[in-house]
Amino acid sequence: MFSLDVRMAWRNLWRNPRRSILTLAAIAFATLLLVFMLSWQFGSYETMINAAVRGPTGHLQVQARDYHEKREIEMVVDDPGAILALAEALPEVAAVTPRAVAFALAASDRRTYGTAVLGIDPERENRVSELKKRVRRGDYLAAGAAGQALPGDILATNLRAAPGAEVTLLGQGRDGSVAATAVTVAGSFRSGQDVIDRATLYLRLDDFQETFAMAGAVHQVVVVGRSLDEVPRIKAALQRGIAALGRDRELVVLDWSELMPGLLQSIQLDLVSGFIFYLILIVVVAFSILNTFLMVVLERTREFGMLIAIGVTPGRLSRLLLMESAVMTFLGLLAGILLGSLVTWYYQVHGIEFSGAAEMLRQFGLPERMYPRLSLLSIAVGAGLVFVITALTALYPARRVKRLSPLEAMKG
Amino acid sequence: MLFQLAWRNLWRNPKRTLILLTAVVIGVWAMIVIGALMRGISSQMLRHGIATLTGHVQIHAPGYRADPVVENSIPAAAPVTARLAALLPAGTRWAPRIRVAAIAGNARHSAGVTLVGIDPAAEKGVSFIGAAVTEGAYLPSEGEGGLLIGRALADRFGTGLGKKLVLMSQDSERGIASRAFRITGLFRAELEATEKEFVFVTLPEAAAMLKLGAGISEISLLLPSDGLASEAADRLRQSLAGEALEISTWQELLPMIRGVLELYDGVIFVWFLVIFIAMGFGIVNTFLMAVLERLREFGLLKALGMRPSGIVGQVLAESLLLLLTGQALGSAFGFLSYRGLARNGIDLSAVAEGLEYVGMTRIIFPVLLPRDVATANLVVFLLGLLVSLYPAVKAGRVTPVQALSSV
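From first to last, the protein sequence lines stand for chains A and B.
First residue of the first sequence? That's 0 in numbering that gives the first Met the number 0, and the numbers climb one at a time after it.
First residue of the second sequence? That's 0 in numbering that gives the first Met the number 0, and the numbers climb one at a time after it.
The reader is advised that the hints may include incorrect statements.
Here's a subset of chain B near chain A, in silico, CB distances under 8 Å, partners left out [said to hold, decoys possible]:
| id | residue |
| --- | --- |
| 1 | Leu45 |
| 2 | Met255 |
| 3 | Val357 |
To be clear, the hints were calculated from the coordinates, so they are not data collected in a lab.
We treat Cβ as the ideally placed atom computed from N, Cα and C, and that holds for glycine.
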């Protein structure tokens with residue numbers, strides 16, 4: 000009986016192929032658009048998070064409690080070696096690096112600027128961030144050579160400090176003493192984000208610790224996991240490890256969403272506004288196809304009246320109608336998913352270029368070519384939304400037909 | 000007569016017409032409201048960008064924009080400002096400033112800031128700072144000035160009104176200029192980044208500290224409207240050609256916001272098209288159905304001597320009336336929604352950090368541009384008629400024999 004219903008529904012659909020195709024196309028269009036747009040959104044979030052992670056933040060950081068809010072130089076992670084060992088022992092962790100941060104006055108023989116000074120371990124840093132790839136002039140910090148500096152591109156230009164030039168740094172050490180040193184510019188880097196390139200200068204960690212009287216301590220232990228999904232597990236494991244060391248009162252583990260609450264919120268904002276767009280779009284589509292569903296019933300009133308008269312129950316009739324809508328909806332969804340996946344896949348390979356907005360994207364550390372990312376999630380959510388609304392639309396005519404009386408129906 | 004007939008034909012099946020009408024009304028409404036919200040976001044970003052010490056047009060010494068230091072100063076403001084009134088549209092306001100990178104520090108903290116020396120009276124009408132002081136007082140026009148810093152910077156430094164803050168920068172003789180100022184006012188800004196970046200003192204005090212004499216870094220101009228910037232800049236460039244000055248418009252000074260504006264132009268248009276396509280399917284299908292039902296009628300009309308173009312015109316007239324009704328209602332609802340939203344705006348403070356991240360303002364007030372309303376209506380009207388051609392031509396092609404034999 001089930002298969003008979005399906006067969007009847009199928010044949011009924013093609014009694015008016017043009018109309019069915021148009022309805023199907025409307026459903027397919029909405030599905031295609033949603034699959035593509037959702038893939039696009041998810042892809043851009045991943046790019047945004049990765050850009051931030053590969054930049055200065057990492058997936059997670061171990062810091063002294065309150066350091067993230069107050070950023071005071073005396074809030075340190077003592078004995079970072081133990082924390083590094085702890086993180087490195089986790090199989091989900093891809094790389095770990097220590098960093099120390101201070102503020103100083105950088106002066107060349109001609110100019111003076113304020114800048115953030117970061118102490119890094121050049122080799123470890125290279126596994127965590129893209130700093131080395133972003134060196135534009137001169138060289139990255141060398142492993143063995145002491146007293147080298149790597150300023151941002153704009154800072155280097157402002158200081159008139161080419162590779163080889165000497166820069167003096169003047170700041171305040173961890174113990175409140177005056178911190179002063181002279182360093183040689185090894186090269187300069189360009190992240191593309193003006194705020195960073197204008198006021199950042201990297202030193203080797205041991206130089207930093209000596210200059211700022213850090214006594215071997217750092218401010219952040221930056222952890223990068225093998226993938227974003229591993230972050231909660233790494234976080235839990237690190238917290239357990241730190242507690243086992245008895246240091247959970249002084250240290251906290253922060254993940255990327257806590258380190259950059261703005262990024263997470265802007266993603267949420269984009270998701271919510273996206274869903275409002277999609278909902279409006281689908282409602283317009285629903286009203287567009289409601290007529291087709293309804294018309295089918297009005298046109299075939301005589302036929303239905305006769306079917307009821309020869310003993311088809313109104314319940315089965317309404318099931319039959321639902322089946323017709325269902326077949327149409329599924330065909331539309333299928334076509335939409337297929338086409339949507341194809342379009343998305345094309346752009347996933349070739350990327351979409353925003354030449355006009357390149358400057359804007361650069362300031363967020365994003366490339367000017369962005370890629371959508373096709374996933375089961377984007378397909379499921381896109382098709383699911385369309386399905387829910389069309390199913391609701393189809394209910395209306397199916398309910399109407401239940402109230403049909405055979406006598407009146409056959410008269411009309 | 001044509002339209003009277005068309006109108007009556009539309010209401011022969013009121014339910015069907017109402018459903019299609021609803022699709023058109025929701026579509027046009029969505030175009031207008033979403034368009035207005037997006038314009039609101041971008042125009043408030045622009046407003047905010049211009050108020051945050053940019054202005055519509057800025058005048059600098061050549062080289063200042065690439066290398067904003069005291070050496071690249073305009074020697075004196077007076078000779079330039081004296082000529083501005085004659086060159087610019089009435090209602091234009093301007094303010095001279097000294098603006099250099101500096102370091103702010105107290106016993107425990109130090110951070111890089113931008114030191115801005117302002118003429119308090121002139122600045123008031125030009126940038127945000129005139130109305131932004133929430134604690135203490137704005138800088139006085141005469142006499143000894145103080146220091147204004149942002150609330151967020153004060154919190155970070157654990158300082159407040161009446162406390163001292165040391166500002167350090169490079170002076171015009173390449174020495175280190177350093178001076179302690181007493182904080183006399185705290186200001187709030189839309190973005191925390193602004194509160195952390197800028198500190199304000201009076202122009203004479205900044206000049207004295209930096210040994211600048213009468214020199215200034217920039218003159219910021221606020222025109223009566225955004226659109227006048229390039230025209231005003233061109234006029235300035237011509238008239239001040241001999242003065243060794245660089246004149247830039249907000250489009251050059253705020254490339255990011257320009258990017259957002261251009262992006263939104265595109266996005267709004269694509270949104271219009273997408274919504275139209277969604278309702279387009281409904282228009283074609285509904286009219287196709289209506290036409291197929293009435294094949295006998297069209298056949299009869301033809302048998303009576305009506306030309307195909309007459310029938311096409313009849314169907315198009317029905318579509319035209321439906322579209323116009325839908326557009327009128329959709330635009331009216333759109334306008335009402337806009338009025339409702341514009342009263343209080345949409346408060347997104349709950350995700351303030353996310354807004355800060357993308358540089359958006361906290362409350363979105365929709366902005367309804369006549370241009371957007373016109374474009375939305377034009378898209379629906381023209382494309383709507385275009386897709387109605389298909390059922391119309393189908394109706395026009397019917398032959399009397401076909402029509403009368405088919406039921």
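Against the earlier hints, flag every one the structure doesn't satisfy and list their numbers going up. Per hint list: single violation, 1.
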